[in-house]
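Chains as they are written, first to last, in numbering that gives the first Met the number 0: chain A, 0 to 278; chain B, 0 to 405.
Quick caveat, the hints were computed from the structure, so don't treat them as lab data.
Heads up, a few of these hints could be off.
Stated by the list, open to error - Straight line, CA to CA, 25 Å or less: simulated SDA-like cross-link-like pairs of lysine to any residue:
| # | chain 1 | residue 1 | chain 2 | residue 2 |
| --- | --- | --- | --- | --- |
| 1 | A | Lys198 | B | His129 |
| 2 | A | Lys198 | B | Arg155 |
| 3 | A | Lys198 | B | Lys153 |
| 4 | A | Lys195 | B | Ala148 |
To be verified - These stretches of chain A come out as covered by chain B in the derived footprint (C-beta under 8 Å, 3 or more residues):
| # | segment |
| --- | --- |
| 5 | 173-182 |
| 6 | 192-205 |
Every residue, glycine too, gets a C-beta built ideally from N, C-alpha and C.
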Amino acid sequence: MSDILPVGEVAEAVVAWINETFGWLLDWITMALDMLISGFQDGMAAIPPLILIVILAVLAWVLTRRNLKIGLLTLFGLIFIYLLDLWPETVLTLALVLTSTFVTLAIAIPLGILASRYVSVNTALRPLLDLMQTMPSFVYLIPAVIFFGLGNVPGMIATIIFAMPPAIRLTNLGIRQVPIELIEVSEAFGATEWQKLIKVQLPVALPTIMAGVNQCIMLALSMTVIAAMIGAAGLGLNVLIGIQRVDIGGGFEAGLCIVIIAIILDRITQNVISSGPDK
Amino acid sequence: MEETQEEETDKNIKVSVRNLTKIFGKHPDEALRLVEQGKKKQEIFEETQQNVALRSLSFDVYEGELFVLMGLSGCGKSTLLRCINRLIEPTSGVVEIDGANIVTMSEDKLRQVRRTKIGMIFQSFALLPHRTVLENVGFGLEIQDMSVAEREEKAREAIDLVGLSGYEESYPSGLSGGMQQRVGLARALASDADILLMDEAFSALDPMIRRDMQDELIELQARLNKTIIFVSHDLDEALKLGDRIALMKDGVIAQIGTAEDLLQNPSCDYVERFVEDVNLSRVLVSKDVMKRPEPLLPPDSGPRNALRLMEEYGISSLFVAGKDRMFRGLVTVDGAVEAKKREIPLRDVMVTDSPTVLLDTPAQELMPIMAETAYPVAVLDTEGRIKGFIVRGSLLAGLARLEIEV
Ligand SMILES: Nc1ncnc2c1ncn2[C@@H]1O[C@H](COP(=O)(O)OP(=O)(O)O)[C@@H](O)[C@H]1O
Ligand SMILES: [Mg+2]
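So that you can see chain B by itself, here it is in the shape it has in the complex (with noise of 0.2 Å):
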């Protein structure tokens, strides 16, 4: 973690959180002179009936960084978020946007924050149903009263940017999950806002339409380098968004870092107790976290077939293997696009040398194959045949529910 520290302090903090405490209760003082004293969250609340949501965080956010909040349900992700934006009044501490101190503005600068520097995307959509998609996208724009005209270009802009033009005049009860969702990201897109806070915003969403958010939203990033930070309970998703990850437990984070941090040093108990505890992962194995092969590329197919694929299923790899199953290495998108360019058959541009586990293999020992490779892992039976796949996402999000139901 001291490493990753230095390394990043050339870039710019954007969102900096420090000693952030929030009591929910009538009576916080006590409970908070508790906390200092480092007693636990059960300990106040049965001394003072206060609920103890953030205990002391203290972090920063960088520009142009995708930072992950996650944790179990109710360890107080969304408290933390909405203390961002004062949503939620904090009971002590300090949050500063560009280097101003939200907590303490005064009502008339705090609305201007809201209303120029910070968007927020909303688990439920949360659209406002007597409105079009157009007037929706325009609400953040309309309450700084700008006028129509501006207004309606700037709403079409953000509609075209999420990808729903021709939609400006349905009403949100006329769209899918996704769609309305993507509503939700233009209104905050709209403001040109540079930070947005994002509550479990794809949660609600099926598992396909939730993976084309997520590519999405990377994408849109990449594009406008916005600061996001990102709230989500699926490991999985923190560790597919995730420039870096902020793992709470209780109202603390647990630990900060890369996914690559999170897997190969886990310096918190909260993550250690996945990877360390040799009777847990020794108790799991390939089988346990690995994903269907989805389509599976037979070995004479073309360039072409193989983009199709990987566009309808929103991958960027494909296992190849014939109607035996027997695996024989593995197609990536730049590879099926290089075949295509160049007319040589997919054969000349596949990987052979991609990593590949067996059906048993205890998943201590997928950590180091995980973080080594690039692609995905295959898994496959002592014949040689393909049975699944491993993904760093899935090993984790494995590890994860084990200790759920543990």
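Next up, chain A with everything else stripped away, as it sits in the complex (with noise of 0.2 Å):
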């Protein structure tokens, strides 16, 4: 650290301030999102594997409204990682990537509805949006180690904060883009803003809401390897120890099964409405 400016000591300072003021509601955090994702995993590791897997790739058949295609994919990928003897790991970063997704969004569609709404919030996030956005994925290591220490749950603060500028961009636009002749029929017809919102602006916005989503899940899926370093577990870890014991074979494979959840979650996503209603 500096002899000559203490900003060092002032970070310091600052932080041991929030622990100490703070602590409760960081140790809420962590208990909270540490039930999540071991409620999540633990769920999942009940189930036989296989078994497992078949009810997976008939949700995804089901959520892509029937698309026997995508049913197909996360059947045989899924099996293909059985096979590598790396379900355990799988189960965990779908865990992590899940829950932090699912947090995610309870955080930024409201935003972007706020902000879709009300110019102030709209002007105020805009800035802080697109800092984030131009921040490299590592600096949000710093302050999750810091108030999160090390394991699971300071990896997903990171992949939350990581993730959520698309979702709450994405929401805010598609909701700015309704046609303004919907939201005049819903007025004309005499809605209140509550049934405007829930009836013509989330629907109609839904295809770009979804959007949204989808890169909010591959955001969070992108900062597993990441979030390994600050010991989150799962496939990233693996990922990390094939780097750092130079174990090419090990780290190939983990990274293999990275793509093939990307894969399927990324179409599942992708095809959950945009085959809706045009039949």
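Take the two lone chains, each set in its own frame, and fit them into one complex as the hints suggest.
In structure tokens, the structure reads:
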């Protein structure tokens, strides 16, 4: 640390103060996220792998409105992973990615809605989002580690922050792009603000919002290896170990599993609604 | 105009607009003062940068009337229509619906009025893409928190009314423009609103479909006795649909009256320019305003064929002419029906004294002829061959086109 400018000392003091004052909140967040992940993970681990794989494949098929290709892709992709003997790691990675995505969306979609309705929220958010999107993903590890230590939870926190901007932006954009006549329809027929949002704006904006969900999941997956650096487990950790020990085979296998999961999740989110109304 | 107002005082006033002004811009107050001083739109814009869309308009719409707001693009029709259900907030003035002032109404009351009294139909159809026809039509009822069963029943009735039965489960993207607008119409009818606001509702449709929709609207209105305020920039359409027509120009109403009033007593400069400017309408002759005679009926044709042609082309009379195209007369739909019923040849019901004009008859002289007759006027060449025909709408539309080109 520099002797001339006490920047480091100040930072330490601030962090200490925050830890002291908001310690209870940080603990609470840690606990809640921990519960979410372990609940998800334990739930999936309780089911025998092959049965779970079939269930997931059927789920993918149903979610994409009976898209057989995506159902089969899921089935064979997951069986491949199972045969690589990386199933427990995959379950953990899925748990991390999906819970992170869930939390991200729970924050991002309401924020996006607010930004679409209030100019002030929009103007306040825009520079923040610009900043977040230009920042290298490693930067998010610093506050995560400082406030949450090492492990799965700080990995998730970094992931959540990193994956947030596109979901906010696309929700905001989707709602703003709803044609003016449709807004006029809801007003002319006497809809309340809430009815307008629920029955017109969100459903019409859904394809755009889903694009945001898709990006959110992809960003969360891209963070798995980076989050492993601060102690998050799962496939990312295997890749990281592969790098550290120059274990090409092990690293490659885990990396391949991440790619397979990415492809499956991408196809599913892209097809959940786009094959919707127009028969 | 005096006369017509007196004649109509026994009708119920459904919508009453008084001194309605709408100014677009951030500082309407100053502009409003200038409007009250009688300054022109252009002057006010130069002085204050505020756009005066409507200036101190007053008129009444009667119950069961089909009232057309007509005028060139940008004259303020859509703004006026949206002030009536307050989708656009008026700057000043009064809009009364069944005697209640919309402008000062609380949000809650306003919502209630919009839900139960006013339906709206849009140029772009404005259907929700993620909903089926049935769900779209039930939209207004759903907003009122009506139970699913009840709203489906009402929606089905409305769908039936506009002739879309069988398409309940289709999505809007799978329907033609005409069908989509029927859905829009059904949506407005489903909530039993007695006022329909229609903004260029048929302007996006093909001419043939458009004519069908106009006919159906007239028929529906006669059956359901709705009060309809219909915005159009098309004179043909206005003359065909309007019980009364308000001609707008630059945010004011230049003249209100029936189609006949506009044709015979153009009391405003806007219409006057078409009709009275001798030079303009002298240069305009039958040839310029006539339409092609659609199908001609061969003289030996039977009543069934005549009726089929009328139905196919959506018209109520046919000119009779042989292969030589020599004009013989005209058969009306009533005549053809009678001939069919009594099994007599069409010749016996043919109208032979319907007015005819020559290709170069000036528009000026057409006007009184058009006003007198209930039939379309045949346009003949000097030999007596039929070249075209003129109906009221095409004459005024021809004049309007000329105005736009000048
Ligand atoms: N939202 C708006 N903001 C500012 N000016 C508007 C707005 N809507 C309409 N105007 C102006 O008001 C005038 C009337 O427009 P409009 O009612 O749409 O005309 P019309 O429907 O007859 O074509 C035009 O000069 C138009 O530019
Ligand atoms: Mg308009």
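For this session: Kindly indicate which numbered hints from before are broken by the structure, ordering the numbers from low to high.
Result: none
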